[in-house]
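Protein chains: 2
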Amino acid sequence: MLTMILAESELEVMPRELVNHPAIISFARERRKKPEFILLDSNYHHRAMTELSEGRRRGRPDIVHLFLLTALESIVNKQGQLRIIIHTRHDEVIYVNPETRIMRNYDRFVGLIEQLFDKKIVRSEEQILLELKQKVPLNKIVDELGVEKAIAFLEEGNAVKLNNYFKDLKKHKKKDIVCIIGGFPSGKFNCAIESIADDIVSIYPEMLVAWTVASEILVNYENTFFVKI
Amino acid sequence: MLTMILAESELEVMPRELVNHPAIISFARERRKKPEFILLDSNYHHRAMTELSEGRRRGRPDIVHLFLLTALESIVNKQGQLRIIIHTRHDEVIYVNPETRIMRNYDRFVGLIEQLFDKKIVRSEEQILLELKQKVPLNKIVDELGVEKAIAFLEEGNAVKLNNYFKDLKKHKKKDIVCIIGGFPSGKFNCAIESIADDIVSIYPEMLVAWTVASEILVNYENTFFVKI
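Protein chains in written order, with the numbering used here: chain W, 2 to 230; chain E, 2 to 230.
What the hints contain is simulated information worked out from the structure, not anything from laboratory work. All values reported here derive from a predicted model rather than from experimental measurement. We put the beta carbon where it would ideally sit given N, CA and C, even for glycine. Heads up, some of the hints might be wrong.
Chain E is faced by these chain W residues, among others (derived, beta-carbon under 10 Å) [to be verified]:
hint, residue
1, 2
2, 71
3, 75
4, 79
5, 105
6, 163
7, 170
8, 207
9, 219
Heads up, simulated DSS-like pairs for lysine-lysine below, C-alpha to C-alpha not over 30 Å straight-line [as the list claims (entries may be wrong)]:
hint, chain 1, residue 1, chain 2, residue 2
10, E, 136, W, 172
11, W, 136, W, 120
12, E, 189, E, 175
13, E, 136, W, 189
Model the full assembly from the supplied sequences, consistent with the hints where possible.
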């Protein structure tokens, strides 16, 4: 089983500092929602966000959207071998049912996540699709998974060729792994990632977007651990 | 060099049959554009499109968007080893400069493509980013590339493990290849793909989205043909 965690992703409802900002009030009115139920989005709230601490890093539901579209449509997921977890900057955690069909339209996706932050759960007729829990830091998520190996992906990590790295894990019979990918646009983890991950690896000497890292993990995991498709 | 063609992609401006449709006129008015300059989009024009021939297949700029975000952000592209071509249902062809930074926001992407269909060219200050040419059928695009091997990806093709298939090409010293991926949501190619491609391969027994196929090609090409990163 492969678990992928998009960690410290920049997904949050409107922070208290901005709910009374004129631009946000007017945006919320247009959307016919209360400001505090609106998802922070640098694409739409860019100007107001200059007043926010770490404002250049925050408000990136687009990264989560593209990560989920990559992960859910992958062969590893279709084979039932993938667990997907979204962790946020405020230590919320979202468990994603592998059978979820995420909408490709971005605005509808944002609507879905706003509903999730409000109700803490999104279900279909038969099952829970998304579930949000609060106050679960990254180290606790990883601990609770109880996997054989936790690997964080970071530009500054130890350079590896991922296919060889996975082959090596296979040799040591470690198949049940968690891969931790940063869900923020650039910079470093805020948490002490070196005390959470067993290995910190780099698959390319420059910055890669989260969905490229996810693709590399998914295809190489499939190549290494699936004997037959 | 790897070339990826998204073939018969469902990218077109509003077809003549729909420019006078009341829903389209009202949509165009909201966007402050003339209907004939609007990109057909099943996400917004779903109802009007029921009156269109092949209406359930058409109007899918979202597939092109996700394909481009996957291809342009890949390691193969960052290494300067990727050529990206979009071919459309009406035999237009769009040459994509590898240095193009495609906007992640879908509506802005649609605006960019509308501009491209209007002006036939999108440039930055220094260079051409996107260029559209008309009346170039898929066989002509492939012929003009003059590559060593043209491979089409199709659910019904010959089942292969892509890493082994590429290794075999490498053994025969074929590195300069073109991979053809369908840019339509489901169904078959309209053209005679078997007379255009040297091989027709299947990497999974069920339908995959275009950006999953692209990921598989990109990561396996990188693993096979890049000795050093």
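Structure-based check of each hint:
no.	hint	result
1	2	violated (19 Å)
2	71	holds (7 Å)
3	75	holds (6 Å)
4	79	holds (7 Å)
5	105	holds (5 Å)
6	163	holds (8 Å)
7	170	violated (16 Å)
8	207	holds (7 Å)
9	219	holds (7 Å)
10	E:136 <-> W:172	violated (53 Å)
11	W:136 <-> W:120	holds (16 Å)
12	E:189 <-> E:175	holds (27 Å)
13	E:136 <-> W:189	violated (48 Å)
Of the hints listed earlier, those the structure fails to meet are numbers 1, 7, 10 and 13, in rising order.
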